[in-house]
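Colleague: Take a look at the letters that make up each chain.
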Amino acid sequence: MILTALLLVIAQNPAQDPRYERLDPDTHARVVAIVDSARAVGLPSEPLIHRALEGAMKNAAGERIVAAVLTSKPS
Amino acid sequence: MFERQDEEDIVERVIRELRRPASIDRALDARVMSEIARPETGLVARRPFARVWPWLAAAAVLTAVVIARPWSRGTRPDAFQFVLVAPQAASVALVGDFNDWDPTRAPMRAARGGLWATVIPLAPGRYRYAFLVNGVEWRADPGAPAARDDEFGTPSSVVTVAGRGS
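Protein sequence lines, in the order shown, are assigned to chains A and B. Sequential numbering from 1 applies to the first sequence in the working numbering. Sequential numbering from 1 applies to the second sequence in the working numbering.
It is worth saying that the hints were derived from the structure and are not from the lab. Any given hint could turn out to be false.
Pairwise CB distance ranges (calculated) [what the hints assert, rightly or not]: (1) A:Glu46 <-> B:Ala111: 30 to 36 Å; (2) B:Ser91 <-> A:Ala33: 33 to 39 Å; (3) A:Gln16 <-> B:Val119: 28 to 34 Å; (4) B:Arg76 <-> A:Asp24: 18 to 24 Å; (5) A:Asp36 <-> B:Leu56: 48 to 54 Å; (6) B:Glu137 <-> A:Glu63: 21 to 27 Å; (7) B:Trp53 <-> A:Glu46: 45 to 51 Å; (8) A:Gln16 <-> B:Asp78: 29 to 35 Å; (9) B:Ala57 <-> A:Arg39: 24 to 30 Å; (10) B:Ala111 <-> A:Ala33: 42 to 48 Å; (11) B:Val66 <-> A:Glu46: 27 to 33 Å; (12) B:Ala144 <-> A:Arg39: 29 to 35 Å; (13) B:Pro107 <-> A:Ala33: 33 to 39 Å.
Among chain A residues calculated to face chain B with C-beta under 8 Å, some are [as the list claims (entries may be wrong)]: (14) Glu54; (15) Gly55; (16) Lys58; (17) Arg64; (18) Ala67.
Straight-line C-alpha distance at most 20 Å; calculated SDA-like pairs for lysine to any residue [claimed, not checked]: (19) A:Lys73 <-> B:Ala147; (20) A:Lys58 <-> B:Glu137; (21) A:Lys58 <-> B:Arg148; (22) A:Lys58 <-> B:Asp149; (23) A:Lys58 <-> A:Pro18; (24) A:Lys73 <-> B:Asp150; (25) A:Lys58 <-> B:Val136; (26) A:Lys73 <-> B:Asp100; (27) A:Lys58 <-> B:Gln81; (28) A:Lys58 <-> B:Tyr127; (29) A:Lys73 <-> B:Arg148; (30) A:Lys58 <-> B:Arg105; (31) A:Lys58 <-> B:Trp138; (32) A:Lys58 <-> B:Ser157; (33) A:Lys58 <-> B:Pro103; (34) A:Lys58 <-> B:Leu56; (35) A:Lys58 <-> B:Ala140; (36) A:Lys73 <-> B:Glu137; (37) A:Lys73 <-> B:Glu151; (38) A:Lys58 <-> B:Ala106; (39) A:Lys58 <-> B:Thr104; (40) A:Lys58 <-> B:Glu151.
The model shown is predicted, which means the values in this text are computed figures rather than measured ones. Beta carbons: idealized from backbone N, C-alpha and C, even for Gly.
Could you build the full structure based on these sequences and the hints that come with them?
Modeller: Right under this line is the structure:
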């Protein structure tokens, strides 16, 4: 029940996805914007989020994470 | 209420009506006889399961379909084993797209000979991953293709899981 409620909240507001907490605020905002734009045109968002999480886990700079996410986004 | 003559008239009319041969559809007679001749007609009354078995058969088919779940064929996860030889390591974690790059979700267990291993379920798809040794050192999987993009300066590997139907 709690998990379902959490998933509903995340689905309604992707910016609240707890996975984004691993990103610094500036990178967080830019990645959310890219992910939202991908979602808006029906592109899958999970690969983009995973790319950002990989960068965060590997302590990459925010600029590099954003660049990697943009590269992963299908045009 | 009635006069005696009226009563007698009524009785007479009823008797005449009852004596008059009824006109019955000829086909009805044939249908009744064919039903009586059918062997199941008598059996149905004697065996209550005869009426139930179609429902039991339908329930069995439904159960089989639910267990087999043909609609999810090709999307169910299969168990995959990941191994790394790292004799000097104190800890190794498997980190990748399948666990949101969270090292706490897939710690690997040490086996003999410096071998580290873990088994995780993977649904069909393509996943980037790497091994995190001692919490600081990133290593690619020597037994898997290297990931193409390497913007973060550390190696990653790729595993592609095909659906069962493919």
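Colleague: Each hint: holds or not?
Modeller: Going down the list of hints, with the structure as the test:
1. A:Glu46 <-> B:Ala111: 30 to 36 Å: Holds, since A:Glu46 and B:Ala111 (Cβ atoms, about 32 Å apart) stay within the stated range.
2. B:Ser91 <-> A:Ala33: 33 to 39 Å: 36 Å, holds
3. A:Gln16 <-> B:Val119: 28 to 34 Å: 32 Å, holds
4. B:Arg76 <-> A:Asp24: 18 to 24 Å: For A:Asp24 against B:Arg76, whose Cβ atoms are near 37 Å apart, the range 18 to 24 Å is violated.
5. A:Asp36 <-> B:Leu56: 48 to 54 Å: Holds, since A:Asp36 and B:Leu56 (Cβ atoms, about 53 Å apart) stay within the stated range.
6. B:Glu137 <-> A:Glu63: 21 to 27 Å: 24 Å, holds
7. B:Trp53 <-> A:Glu46: 45 to 51 Å: 48 Å, holds
8. A:Gln16 <-> B:Asp78: 29 to 35 Å: 32 Å, holds
9. B:Ala57 <-> A:Arg39: 24 to 30 Å: Given a distance of about 46 Å, which is not inside 24 to 30 Å, the answer is violated.
10. B:Ala111 <-> A:Ala33: 42 to 48 Å: With Cβ atoms ~45 Å apart, the hint holds.
11. B:Val66 <-> A:Glu46: 27 to 33 Å: 28 Å, holds
12. B:Ala144 <-> A:Arg39: 29 to 35 Å: For A:Arg39 against B:Ala144, whose Cβ atoms are near 30 Å apart, the range 29 to 35 Å holds.
13. B:Pro107 <-> A:Ala33: 33 to 39 Å: Holds, since B:Pro107 and A:Ala33 (Cβ atoms, about 34 Å apart) stay within the stated range.
14. Glu54: Since chain B brings a Cβ to about 5 Å from A:Glu54, closer than 8 Å, the hint holds.
15. Gly55: Check passed: Cβ of A:Gly55 comes within 5 Å of chain B, closer than 8 Å.
16. Lys58: Holds, about 4 Å.
17. Arg64: With a closest approach of 6 Å, the A:Arg64 hint holds.
18. Ala67: 6 Å, holds
19. A:Lys73 <-> B:Ala147: Holds, at roughly 16 Å.
20. A:Lys58 <-> B:Glu137: With a Cα-Cα distance of about 10 Å, the restraint between A:Lys58 and B:Glu137 holds, given a limit of 20 Å.
21. A:Lys58 <-> B:Arg148: With a Cα-Cα distance of about 16 Å, the restraint between A:Lys58 and B:Arg148 holds, given a limit of 20 Å.
22. A:Lys58 <-> B:Asp149: Given pair A:Lys58, B:Asp149 holds - Cα atoms ~14 Å apart, limit 20 Å.
23. A:Lys58 <-> A:Pro18: 18 Å, holds
24. A:Lys73 <-> B:Asp150: 15 Å, holds
25. A:Lys58 <-> B:Val136: Status holds; Cα separation ~9 Å.
26. A:Lys73 <-> B:Asp100: Satisfied, since the Cα-Cα distance of roughly 18 Å is no more than 20 Å.
27. A:Lys58 <-> B:Gln81: At roughly 23 Å apart (the allowed maximum being 20 Å), B:Gln81 and A:Lys58 break the hint.
28. A:Lys58 <-> B:Tyr127: 16 Å, holds
29. A:Lys73 <-> B:Arg148: 15 Å, holds
30. A:Lys58 <-> B:Arg105: Holds. A:Lys58 to B:Arg105 sits at ~16 Å (cutoff 20 Å).
31. A:Lys58 <-> B:Trp138: 8 Å, holds
32. A:Lys58 <-> B:Ser157: 14 Å, holds
33. A:Lys58 <-> B:Pro103: 11 Å, holds
34. A:Lys58 <-> B:Leu56: 58 Å, violated
35. A:Lys58 <-> B:Ala140: Holds, at about 13 Å.
36. A:Lys73 <-> B:Glu137: 28 Å, violated
37. A:Lys73 <-> B:Glu151: Holds, at about 14 Å.
38. A:Lys58 <-> B:Ala106: 16 Å, holds
39. A:Lys58 <-> B:Thr104: Answer holds: A:Lys58 to B:Thr104 is near 15 Å, not above 20 Å.
40. A:Lys58 <-> B:Glu151: At roughly 10 Å apart (the allowed maximum being 20 Å), B:Glu151 and A:Lys58 satisfy the hint.
Consistency with the previously given hints fails for numbers 4, 9, 27, 34 and 36, ordered from lowest to highest.
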